[in-house]
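Colleague: Read off the chains here:
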Amino acid sequence: MNLISMFRRRDSAPVARERLQVLLAHERAFIGKSDLLAVLQEEIIAVIAKHVSIERERVQIKLDRGDPISTLEIDVEVPSAAAAAALSEQRPAMAGT
Amino acid sequence: MATVVVVTSGKGGVGKTTSTAALGAALAQQDQNVVVVDFDVGLRNLDLVMGAERRVVFDLINVVQGDAKLPQALIRDKRIDTLSLLPASQTRDKDALTAEGVTRVIDELRDRFDWIICDSPAGIERGATLAMRHADTAVVVTNPEVSSVRDSDRIIGMLDAKTARAERGERIEKHLLLTRYDGVRASRGEMLKTEDVLEILSIPLLGIIPESEEVLRASNLGAPVTIGTPNSPAAKAYFDAARRLRGETLVVKVPAQRRSFMSRLLGRRAVA
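Order-wise, the sequence lines are chains B and H. Going by this note's numbering, the letters in the first sequence line up with residues 1 to 97, in that order. Going by this note's numbering, the letters in the second sequence line up with residues 1 to 272, in that order.
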């Protein structure tokens with residue numbers, strides 16, 4: 001710890017201010033659309049399912065709200081051709097949902 | 001023309017009830033005709049802070065449901081005769097409040113008073129939305145602390161969407177009342193600064209109430225701080241806030257408690 005960090009240690013207010021600004025910018029934009037993630041997940045699954053057989057549980061969606069950018073991370077496990085064939089035999093209805 | 005004011009915050013424990021009592025009393029001390037209304041049904045406390053807890057006979061729910069007439073439920077303050085209290089019910093819950101009933105009571109109060117100050121319950125549910133429903137002006141009580149600021153932002157959003165004024169396409173006036181402000185901690189960078197909170201919430205400042213012994217003492221004694229210790233810094237801040245509510249333009253005094261370089265060197269807790 002150097003001298004500067006010793007004097008700066010107590011200044012937590014600027015951190016609070018920054019965290020709030022980022023958070024509130026997002027909350028204001030998303031208020032009333034709080035199920036945005038659920039909607040995105042449904043639509044993304046539907047689009048992918050048009051083309052390949054996927055399992056609903058194998059789609060992971062993460063959102064990281066940041067400044068200046070937020071990232072939306074979509075992780076879809078696409079089964080191999082053989083597994084996909086087995087899957088579509090088991091549950092032929094999945095591709096249409 | 002009566003003005004309906006809601007004192008609201010979202011978060012609990014930030015000083016809504018204390019501020020309702022102090023602002024209401026301050027306005028009444030400035031010869032305005034004031035009623036303070038407790039909307040915290042089931043958890044009433046405004047009666048206690050006003051020192052009228054032993055005089056409650058009928059309450060807001062009784063009036064809403066037609067079991068009592070408004071004049072029967074109003075409690076006239078013993079110290080200031082232009083100040084009245086309409087207490088909440090302690091035994092019922094918030095479902096007993098109906099939108100129509102609240103509308104009727106507020107309309108009736110408008111005929112009798114210059115100021116109707118509604119003490120909102122914490123939260124964003126029914127009790128809080130009904131308390132803000134007919135407001136012309138909102139006092140958003142905020143502590144310089146992250147969770148309080150976030151909740152205030154949410155409440156500001158609701159004021160702009162769910163009040164009768166907002167639905168008619170009219171503007172609702174919103175003011176920030178910064179409470180439990182500690183000048184020493186703010187100057188040390190431990191507490192959000194006033195300008196930070198103002199910039200984040202972007203509503204005009206009604207006043208800064210210092211964290212103080214007098215405010216606690218006022219609640220203990222059941223005398224709003226503007227009546228109990230009218231010369232204390234907290235009371236003066238409330239008096240100024242009341243004058244701003246009435247439309248006066250006054251410079252906001254920051255309870256600075258700025259410490260000299262020497263006192264910083266000589267110990268962090270020396271001056272408080």
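No wet-lab data here; the hints were simulated from the structure. Any given hint could turn out to be false.
As the list claims (entries may be wrong) - DEER-style ranges, computed between Cβ atoms:
id : chain 1 : residue 1 : chain 2 : residue 2 : range
1  : H       : E170      : B       : I44       : 39 to 45 angstroms
2  : H       : N33       : B       : P68       : 50 to 56 angstroms
3  : B       : R56       : H       : E108      : 29 to 35 angstroms
4  : B       : R19       : H       : G13       : 17 to 23 angstroms
5  : B       : Q21       : H       : E190      : 52 to 58 angstroms
6  : H       : R112      : B       : R19       : 44 to 50 angstroms
7  : B       : L40       : H       : E167      : 26 to 32 angstroms
8  : H       : E167      : B       : A29       : 18 to 24 angstroms
9  : H       : E167      : B       : L72       : 49 to 55 angstroms
10 : H       : E213      : B       : P68       : 33 to 39 angstroms
11 : H       : R246      : B       : E73       : 25 to 31 angstroms
12 : B       : V39       : H       : S187      : 43 to 49 angstroms
13 : B       : Q21       : H       : R185      : 55 to 61 angstroms
14 : B       : R19       : H       : D160      : 50 to 56 angstroms
For each residue, glycine too, the CB sits at the ideal point set by N, CA and C.
Colleague: If a hint holds in the structure, say so; if it doesn't, say that too.
Modeller: Here is what the structure says about each hint:
1. E170(H) with I44(B): 39 to 45 angstroms: holds (41 angstroms)
2. N33(H) with P68(B): 50 to 56 angstroms: About 52 angstroms separates the Cβ atoms of N33(H) and P68(B), which means 50 to 56 angstroms holds.
3. R56(B) with E108(H): 29 to 35 angstroms: violated (56 angstroms)
4. R19(B) with G13(H): 17 to 23 angstroms: holds (21 angstroms)
5. Q21(B) with E190(H): 52 to 58 angstroms: violated (18 angstroms)
6. R112(H) with R19(B): 44 to 50 angstroms: holds (46 angstroms)
7. L40(B) with E167(H): 26 to 32 angstroms: For L40(B) and E167(H) the Cβ distance comes to about 31 angstroms; the hint holds.
8. E167(H) with A29(B): 18 to 24 angstroms: holds (22 angstroms)
9. E167(H) with L72(B): 49 to 55 angstroms: violated (34 angstroms)
10. E213(H) with P68(B): 33 to 39 angstroms: violated (45 angstroms)
11. R246(H) with E73(B): 25 to 31 angstroms: This hint is violated: roughly 53 angstroms between Cβ atoms.
12. V39(B) with S187(H): 43 to 49 angstroms: holds (46 angstroms)
13. Q21(B) with R185(H): 55 to 61 angstroms: violated (21 angstroms)
14. R19(B) with D160(H): 50 to 56 angstroms: violated (24 angstroms)
Hint compliance for this structure: hints 3, 5, 9, 10, 11, 13, 14 are not met, and every other hint is.
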